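In case you want the letters, here they are:
There are 2 protein chains.
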Amino acid sequence: MKTQLKVVFIGSGNLATQLSLAMKKAGVQILQVYSRTEAHAAELAIRLQCSWTTSTEKIRKDADLYIFALKDSALEEAIRTIQPNNALWVHTAGSVPMDIFKGHVDRYGVLYPLQTFSKKRDVDFEHIPFILEATSKADEDILYYLASDLSRTVRFYSSEQRRYLHLSAVFACNFTNHLYDLAGQIITEQGIPQDLLLPLIEETAAKVRDMTPREAQTGPAVRYDQEVIRRQLELLDDPERKELYKRLSDSIHKEFSHE
Amino acid sequence: MKTQLKVVFIGSGNLATQLSLAMKKAGVQILQVYSRTEAHAAELAIRLQCSWTTSTEKIRKDADLYIFALKDSALEEAIRTIQPNNALWVHTAGSVPMDIFKGHVDRYGVLYPLQTFSKKRDVDFEHIPFILEATSKADEDILYYLASDLSRTVRFYSSEQRRYLHLSAVFACNFTNHLYDLAGQIITEQGIPQDLLLPLIEETAAKVRDMTPREAQTGPAVRYDQEVIRRQLELLDDPERKELYKRLSDSIHKEFSHE
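Which chain is which? The protein sequence lines are A and B, in order. Going by the numbering used here, the first residue of the first sequence is number 1, and it counts up by one from there. Going by the numbering used here, the first residue of the second sequence is number 1, and it counts up by one from there.
Extracted from the complex, chain A is given alone in its bound form (with noise of 0.2 Å):
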């Protein structure tokens, strides 16, 4: 670390765990955990070993960067009942402008990595992109030396540009995730384990390293094999799973009908 940077998490979600764990292990020294919830900011704070907070009020106001790792709808009324000061304050998520801290503190910013995190699984922040934004050149260059000692990836990007990074993350993580889990819903009813999807699932991700989403589309809607896509329709009881077979079905056509 070239920077001896001084943190304090507000949050002990699955990013906060993360991301903390990453930072502590290049270098970063972590102050603190707030948490609400006692269990959780004490969990992480052991693994941190560091203290932790269940009072907004004795949050340690010696941190050189302060990190708001909370869900959307926790995060205003978090940062209103944290006193200011003059450290320089992010938080974590994709849809918030970073004007939320404006009025409240004057240093902020956002640390955004584009990556899904669960508390049990550790991930490689090698290879997580960091979306960053600040106010100042100043701040800016924290940040950027901060994510740069975590991975290899790091972009300055507007916050209207970052919602739709976001709003691009939940088609190719959260529906992605629900599809796999529909798949899998399809076989394990005929007795079939799911686990057998697991190469398919893998290669569909590896291939898009090779080739665009566009070149590497195979399947009955592209091919726009309609006997196909009717007998696959009628094993489909679900109505919801109907309807989603055939809105996807219809938009990876129209996709390829302009050709």
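These are computed hints drawn from the structure, not numbers from a lab. Hints may contain errors.
Calculated cross-link-like contacts (lysine-lysine; reagent style DSS-like; alpha-carbon spacing at most 27 Å) [what the hints assert, rightly or not]:
{"#": "1", "chain 1": "B", "residue 1": "Lys246", "chain 2": "A", "residue 2": "Lys242"}
{"#": "2", "chain 1": "A", "residue 1": "Lys119", "chain 2": "A", "residue 2": "Lys71"}
{"#": "3", "chain 1": "A", "residue 1": "Lys246", "chain 2": "B", "residue 2": "Lys242"}
{"#": "4", "chain 1": "A", "residue 1": "Lys25", "chain 2": "A", "residue 2": "Lys71"}
{"#": "5", "chain 1": "B", "residue 1": "Lys71", "chain 2": "A", "residue 2": "Lys242"}
{"#": "6", "chain 1": "A", "residue 1": "Lys24", "chain 2": "A", "residue 2": "Lys58"}
{"#": "7", "chain 1": "B", "residue 1": "Lys120", "chain 2": "B", "residue 2": "Lys61"}
{"#": "8", "chain 1": "B", "residue 1": "Lys61", "chain 2": "B", "residue 2": "Lys102"}
{"#": "9", "chain 1": "A", "residue 1": "Lys120", "chain 2": "B", "residue 2": "Lys254"}
{"#": "10", "chain 1": "B", "residue 1": "Lys102", "chain 2": "A", "residue 2": "Lys71"}
{"#": "11", "chain 1": "A", "residue 1": "Lys254", "chain 2": "B", "residue 2": "Lys71"}
{"#": "12", "chain 1": "A", "residue 1": "Lys120", "chain 2": "A", "residue 2": "Lys254"}
{"#": "13", "chain 1": "B", "residue 1": "Lys71", "chain 2": "A", "residue 2": "Lys246"}
{"#": "14", "chain 1": "A", "residue 1": "Lys254", "chain 2": "B", "residue 2": "Lys120"}
{"#": "15", "chain 1": "B", "residue 1": "Lys254", "chain 2": "A", "residue 2": "Lys246"}
{"#": "16", "chain 1": "B", "residue 1": "Lys119", "chain 2": "A", "residue 2": "Lys71"}
{"#": "17", "chain 1": "B", "residue 1": "Lys25", "chain 2": "B", "residue 2": "Lys102"}
{"#": "18", "chain 1": "B", "residue 1": "Lys246", "chain 2": "A", "residue 2": "Lys71"}
Away from chain A, derived, C-beta distances all over 12 Å, residues of chain B [stated by the list, open to error]:
{"#": "19", "residue": "Thr37"}
{"#": "20", "residue": "His40"}
{"#": "21", "residue": "Ser51"}
{"#": "22", "residue": "Ser55"}
{"#": "23", "residue": "Gln83"}
{"#": "24", "residue": "Glu140"}
{"#": "25", "residue": "Asp141"}
{"#": "26", "residue": "Gln226"}
{"#": "27", "residue": "Arg241"}
{"#": "28", "residue": "Lys246"}
If we take Cβ atoms under 10 Å as the criterion, some of the chain B residues that face chain A in the derived model are [claimed, not checked]:
{"#": "29", "residue": "Ile46"}
{"#": "30", "residue": "Gly94"}
{"#": "31", "residue": "Met98"}
{"#": "32", "residue": "Val123"}
{"#": "33", "residue": "Asp124"}
{"#": "34", "residue": "Ile128"}
{"#": "35", "residue": "Ile131"}
{"#": "36", "residue": "Thr135"}
{"#": "37", "residue": "Lys137"}
{"#": "38", "residue": "Ile187"}
{"#": "39", "residue": "Ile201"}
{"#": "40", "residue": "Glu202"}
No experiment lies behind these values; they were computed from the predicted model shown. Every residue gets a Cβ at the ideal spot worked out from N, C-alpha and C, and that includes glycine.
Position chain B relative to chain A; hints supplied.
Here is chain B on its own, set in the frame of chain A:
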């Protein structure tokens, strides 16, 4: 190879290409490639160092196994135009019942690799599940030994189960890839390169090795963060994308509202 099988390939598309090359590597003797398009037949035959034909009448009669790797809609006609013999005939389609061969030849079956294939990208067959079906124990054994030389995962399922497997593959692969495409479009329209999504795509796929998709589900829909959902919908101008976003979010929410 335990059995020096002699094989004729009917078809020269993505699957025929990858499967025949893998079989050749495993020691199978590929006698001939048939395709209606001479350029395709020749291209594959040269890679396999075997002969090719575009005439069904010139298909060799001395093979042990005829593999029909054609799109579903072309399968029936191809089968009926080739003179029957006493060898084993199989197709490689997920959604087509084994009985498509019935009444034309006596020995038939299915060899369905559960994977997505592109001509350009070589796949590692070792991890591809092969789903088999045949009408006699002897023919099941032939297919089993052949598939076992290619892959570590070989299973027998009925035509009906295979239909569901194929349907679930459409969700896990074709629809998933389309979501990658939409996700990429959403950010490239904002001047952000779509490559930035690759680590997220890979982690999303990798996660479901460690936990079920259900446990892995994250994002605004599972939290039912209505404010994020509302603001993300605002970003989507295209009515079709908007509708897809809504449907997928509702479907996720529905899964988790039972808890």
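### Query
Which numbered conditions among the earlier hints are violated in the structure presented, ordered from lowest to highest?
Violated hints: 7, 10, 12, 16, 17, 26, 27, 28, 29, 31, 36, 37; rest satisfied.
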